[in-house]
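Student: These are the residues of each chain, in order.
2 protein chains.
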Amino acid sequence: MKGYRDNAKNLLKSASVDIGDRIKIRKRGQEFEGLLMPRTKGEAADHIVMKLDSGYNIGIKATEDTEIEKIREGKEPEMRRHGEKVEPDADKPNISIIGTGGTVASRVDYRTGAVHPAFSASEIYNSAPEIAEIANIETNNVCNVLSENMTPELWSKVGNAVAEDLNDGADGVIVAHGTDTMSYTASALSFMLKNLSKPVVLVGSQRSSDRPSSDVTLNLTGAVSVAISNLAEVCVVMHGSTEDEFCLIHRGTKVRKCHTSRRDAFQSINDLPLGIVRDKSVRFFQDKRGRRKNGKVEVEDGFEEKVALVKIFPSIQGEIIEKLIEDGYKGIVLEGTGLGHTPESLFSGIEKAIEKNIPVAMTSQCIWGRTNMRVYSTGRDLLDLGVFPVEDMLPETALVKMMWILDKTQEMEEVQARMKENIAGEISSRTRADTFLKPKIPGEE
Amino acid sequence: MKGYRDNAKNLLKSASVDIGDRIKIRKRGQEFEGLLMPRTKGEAADHIVMKLDSGYNIGIKATEDTEIEKIREGKEPEMRRHGEKVEPDADKPNISIIGTGGTVASRVDYRTGAVHPAFSASEIYNSAPEIAEIANIETNNVCNVLSENMTPELWSKVGNAVAEDLNDGADGVIVAHGTDTMSYTASALSFMLKNLSKPVVLVGSQRSSDRPSSDVTLNLTGAVSVAISNLAEVCVVMHGSTEDEFCLIHRGTKVRKCHTSRRDAFQSINDLPLGIVRDKSVRFFQDKRGRRKNGKVEVEDGFEEKVALVKIFPSIQGEIIEKLIEDGYKGIVLEGTGLGHTPESLFSGIEKAIEKNIPVAMTSQCIWGRTNMRVYSTGRDLLDLGVFPVEDMLPETALVKMMWILDKTQEMEEVQARMKENIAGEISSRTRADTFLKPKIPGEE
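Chains as they are written, first to last, in the working numbering: chain L, 1 to 445; chain F, 1 to 445.
Since the hints were derived computationally from the structure, they do not count as laboratory data.
Bear in mind that the values here come from a model prediction, so they are computed numbers and not experimental data.
Backbone N, C-alpha and C fix where the C-beta goes; we use that ideal spot for every residue, glycine too.
Some hints here could point you the wrong way.
List of simulated lysine-lysine pairs, DSS-like, C-alpha gap at most 25 Å [stated by the list, open to error]:
1. F:13 x F:75
2. F:352 x L:306
3. L:440 x F:288
4. L:288 x F:440
5. L:323 x F:330
6. L:323 x F:356
7. L:280 x F:440
8. L:70 x L:13
9. L:288 x F:438
10. F:288 x L:438
11. L:438 x F:280
12. F:306 x L:352
13. L:323 x F:352
14. L:323 x F:323
15. L:440 x F:440
16. F:438 x L:280
17. F:438 x L:440
18. F:323 x L:356
Take a look, some chain F residues computed to stay more than 12 Å from chain L by CB distance [stated by the list, open to error]:
19. 6
20. 38
21. 69
22. 73
23. 134
24. 352
25. 388
26. 429
Take these sequences, add in the hints, and give me the full structure.
Tutor: Right, here's the structure in full:
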């Protein structure tokens, strides 16, 4: 009765059930059927944890009105311990999962209701053991932070770990990452990894893995399927719909978390997704993509932290830019309005920044579309000051790219030239019209 | 041959055509048919301007290889001069168009290719005379700035002009506005106008009115149709598709410019549009909306300018918040990651701000979805510091709302309470699942 105590233990005992048995729990008119799981450290002792047929775990508080029925006996599920070696199957590809922290495989504390970020790569594996049927899985923890606390230093650390695993024989690497800043890390890896010869897949979860609505099983299975596919790109694999139907594969420099809570929160912007994965089968939409090949992956790591992303709004004060100069900022990415504009009140600050050799790039807060600073007089004035637009690049991607470039050179012309050069799919020369998202209009086709 | 000179004049003369005639122009394999328009001041003298059947004006440079053919004679179109009085038709509703500047009815300078912002409300009217069939139109210029240069002071000015016109007998008011910051102004008007009894419609154009692909005719016709409808809300009326099919009516506090250049750039976020207008006929989707009634409109104007919208990104430095405190900022709206998070590195700055009685509101850079700071430890920590989430409110709307509230009170609890109260449709209690935009997936239904 591994880990269970008090009420929960008594209830399970009186129903003569054991870990791994198929059971049914009735409580307040609701009925749940699934396999009884061992209680994991950190979970409240009075909750019974079961794995539903959907693959999701659920915790039910053992109270007086909780009824348990044994459906049939089962055997205790195999759990993998951290660092434990499993004999690899020579017929299966080898995948490495790098843990960074975040929601993937995190657990709800049933006492407080809050989600615990703490997890290890082996816990990730245990939360979706299905993936072992597809590939030999090695796990490796690089850090353990909530993704909002990721730093450029950790990006470099993750990038080096990815390259090491790929060069050590992994057929693909999965980076388990919190969703909040997943797209920033995806961009960082996209720029850092050179001669990329295999898939690097970022995956996360919008719900913790032991909640009934968790998306971790489909996402992880999808990620492993993509990690063994014919791809050599940094990508994000996450739910493509609110159902457990399929995942979409998004290019690392073109993806954005577009919803606070939906499982299908991630969207490709100004670009089609790279492809779709359904029932472990991968289909690519884009022929223009890196393909699996041989060769050593190299890392150009390092990011200048003193780069600011400034969102423009009416009445934004020019001093904001002057403060950044005083503070020793080395680069500025503006999230302008429309085609790439700011109020005139910002012009003098921008002028000073550029005089001090601080590059100022222009993106758009519209998110979709392309900057074009030649249409209106404001854009032309900003161009004259030395601001440079970066096509259809996402503001977040432009930030990460400028951090990466400024670590290598601070020569203004060189920075500008590299910012405007398509390095990792971050700039599309032409945007497909069907990549703009449209609402369903009630009563219209 | 009003206004034409040199090559253009000679060419028109030799073809014996006059202003208002139906003509065909052939140039470099292309053919254009339409009515010859008078040349307007500011346009290059060597361009011939014609109105196409689509209602759009086009300017064609008169060169040696330009052929002009007269199809049939016509009469000179009536143009309305600024301030000119037209006898109102007692059977038609009365609409006031307030000009603020921006692309609506602006013109391309055919010499430089740049778009001139200069225009008057009567120029707007002249660019789509169709609207006079629907209503008596009065025009009124409040300011003449590109929308990126709109200020909180001008918001108040526009709000007062709107109320004045409505209280003076207008059945609806249209505010012609550049698209860059249209949604900010729409929010400002939504909060400012009290006891709103009639429609207030913001309209703009993503292309200048004399470009063949201009959207001004459909948008203005749609705006006038909505301005005479059974609505009492501040809304944005803009193209709903890339074709000249229909416009969508968006609630002023729930709308966002989501594309730099498409005609259908405006989207309702976390909400259905209020309705649709097609062929001058308006259909509402939302029963929950203000309806036309009697009563005097009041204005609660005034905005505190010292409010900052800060977009969160990895490695954002805590000093940014401290600088805002030093600079005398009165309020801060954070555009956090995910459900409403910031890196821990920002905590001490946020704590200091709140100690100094500066309210700090949390929105999400995901754009879609609702903030929820009780799920993860970071959110709980920020709540403990005194940061308050504002549900599914757009960051831009939250900024404008806080500016408006801080002008009225700086009492922290009062500011928080009013920020969290739904005043003008800015907070939805429940978000419809079908309001999240989804991409078309190649090869899937």
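Student: Decide, hint by hint, whether the structure agrees.
Tutor: Now for the hints, and whether the structure bears them out:
no., hint, in the structure
1, F:13 x F:75, "holds (16 Å)"
2, F:352 x L:306, "holds (22 Å)"
3, L:440 x F:288, "holds (19 Å)"
4, L:288 x F:440, "holds (19 Å)"
5, L:323 x F:330, "holds (18 Å)"
6, L:323 x F:356, "holds (20 Å)"
7, L:280 x F:440, "holds (21 Å)"
8, L:70 x L:13, "holds (11 Å)"
9, L:288 x F:438, "holds (23 Å)"
10, F:288 x L:438, "holds (23 Å)"
11, L:438 x F:280, "holds (22 Å)"
12, F:306 x L:352, "holds (22 Å)"
13, L:323 x F:352, "holds (18 Å)"
14, L:323 x F:323, "holds (8 Å)"
15, L:440 x F:440, "holds (12 Å)"
16, F:438 x L:280, "holds (22 Å)"
17, F:438 x L:440, "holds (9 Å)"
18, F:323 x L:356, "holds (20 Å)"
19, 6, "holds (26 Å)"
20, 38, "holds (25 Å)"
21, 69, "holds (33 Å)"
22, 73, "holds (37 Å)"
23, 134, "holds (23 Å)"
24, 352, "holds (16 Å)"
25, 388, "holds (16 Å)"
26, 429, "holds (16 Å)"
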